[in-house]
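*Asks:* Kindly generate the complete structure, drawing on both the sequences and the hints.
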Amino acid sequence: MTALSEIIEALKSARSIFITTHVVPDGDAVGSLLGMKLALERLGKQCEAGLSDPVPPSLRFLPGSTGVRSGKCGVTERYDLALVLDCGSLDRVGQCVETVEACPISVSIDHHATNTRFASINWVDAEAAATCQLVAELISAMGVEYDSDIATCLFTGLSTDTGSFRYSNTRASTFRTAAALADAGARPWEIAQNVYDSKPYGSLAALAEAILGIEFSCGRLIASMAITAADMARHGITEGDTEGFIGYARSIEGVEVAVAFREVGLGTIRVGLRSKETVNVAGVAGEFGGGGHVRASGCTIQGTMEEARSRLMVSLERSLREAGYTWTA
1 MTALSEIIEA LKSARSIFIT THVVPDGDAV GSLLGMKLAL ERLGKQCEAG LSDPVPPSLR
61 FLPGSTGVRS GKCGVTERYD LALVLDCGSL DRVGQCVETV EACPISVSID HHATNTRFAS
121 INWVDAEAAA TCQLVAELIS AMGVEYDSDI ATCLFTGLST DTGSFRYSNT RASTFRTAAA
181 LADAGARPWE IAQNVYDSKP YGSLAALAEA ILGIEFSCGR LIASMAITAA DMARHGITEG
241 DTEGFIGYAR SIEGVEVAVA FREVGLGTIR VGLRSKETVN VAGVAGEFGG GGHVRASGCT
301 IQGTMEEARS RLMVSLERSL REAGYTWTA
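Residue numbers for the sequence shown follow my numbering, so the first one is 1 and each next one is one higher.
Hint data in this document are derived by calculation from the structure and do not stem from the laboratory. Note that the Cβ used here is the ideal one computed from N, Cα and C, for glycine as well. A few of these clues could be false.
[Stated by the list, open to error] The list that follows gives simulated cross-link-like pairs (lysine to any residue, SDA-like), each with its CA atoms no further than 20 Å apart:
{"#": "1", "residue 1": "199", "residue 2": "142"}
{"#": "2", "residue 1": "45", "residue 2": "95"}
{"#": "3", "residue 1": "72", "residue 2": "95"}
[Stated by the list, open to error] Now the in silico label distances, taken between C-beta atoms and shown as ranges:
{"#": "4", "residue 1": "171", "residue 2": "16", "range": "20 to 28 Å"}
{"#": "5", "residue 1": "306", "residue 2": "327", "range": "20 to 28 Å"}
{"#": "6", "residue 1": "143", "residue 2": "213", "range": "46 to 54 Å"}
{"#": "7", "residue 1": "278", "residue 2": "143", "range": "38 to 46 Å"}
{"#": "8", "residue 1": "13", "residue 2": "101", "range": "28 to 36 Å"}
*Replies:* Next up, the structure:
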């Protein structure tokens with residue numbers, strides 16, 4: 001029996017289902033969570049969606065987003081099954097971990113190659129452009145037709161995790177899924193307007209400061225930016241509002257690796273890593289207990305901003321040399 005058929009059987013047998021995803025959720029996380037919830041409710045399932053962190057403002061236009069609980073996920077031993085989406089490891093669900101662990105059956109659907117296979121049933125496909133692509137396949141296999149709400153949620157995940165279909169994970173199958181979702185009622189222009197073209201001024205002001213503060217290393221092969229807790233407080237933004245900042249560092253000509261350091265608590269630095277062509281940043285993130293994709297990964301480092309930068313740069317320099325890069329001091 002394939003993982004897909006196992007998941008379908010488990011979902012059909014379950015009456016109550018808890019759905020969650022990773023901390024600081026992005027478009028793929030929220031899109032897959034909401035699209036899956038809507039589809040399961042069409043099948044008559046009792047579903048509750050819970051997140052450790054709130055749905056980011058740019059994604060609150062998505063159908064069903066107002067019904068998602070955030071923070072401590074609440075009552076345990078209440079659900080027949082936990083469905084964990086777009087999560088490479090169980091700890092990534094944050095405050096919802098106890099709820100997941102209390103469920104007799106857990107299902108993980110993910111596209112991160114570094115997934116730890118932590119669930120009872122795991123469907124991990126690193127070739128998929130986004131978890132939303134896998135969820136779209138699952139919904140179709142369960143016999144649920146996409147409506148405009150489901151399609152909007154899933155298209156959002158495809159768009160955001162491929163950088164508007166610009167990244168190397170974009171394949172012919174990605175466009176076929178996107179076309180099917182557009183046929184079902186997803187409106188790409190409306191999604192783009194909400195996700196990319198409706199930023200709070202504070203976010204743009206913080207972005208400007210982050211760009212001006214970029215530091216270059218290893219002959220300008222590495223571009224790193226830092227966003228402190230004080231920066232976010234001063235501009236009235238949250239960590240979710242800094243999503244996408246790293247793309248500007250990555251876009252600089254000649255840069256192979258981009259790094260974004262975000263101070264999310266006293267002595268806690270969340271690190272985003274992106275590479276363009278060669279360096280496996282998932283391997284670097286893995287050295288610090290993180291993971292993700294070869295070209296897009298992240299980790300959390302305990303310590304000050306400077307301590308995190310110092311420790312990470314040693315690994316990045318080694319990875320650049322292993323990838324064949326050379327530079328002069």
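*Asks:* Are the hints correct? Go through all of them and say.
*Replies:* Now for the hints, and whether the structure bears them out:
1. 199 to 142: violated (37 Å)
2. 45 to 95: Given pair residue 45, residue 95 is violated - Cα atoms ~24 Å apart, limit 20 Å.
3. 72 to 95: Holds, at about 5 Å.
4. 171 to 16: 20 to 28 Å: violated (36 Å)
5. 306 to 327: 20 to 28 Å: Check passed, 22 Å falls within 20 to 28 Å.
6. 143 to 213: 46 to 54 Å: Holds, at about 52 Å.
7. 278 to 143: 38 to 46 Å: With a Cβ separation near 43 Å, residue 278 and residue 143 satisfy 38 to 46 Å, so the hint holds.
8. 13 to 101: 28 to 36 Å: Between residue 13 and residue 101, where Cβ atoms are some 20 Å apart, the hint is violated.
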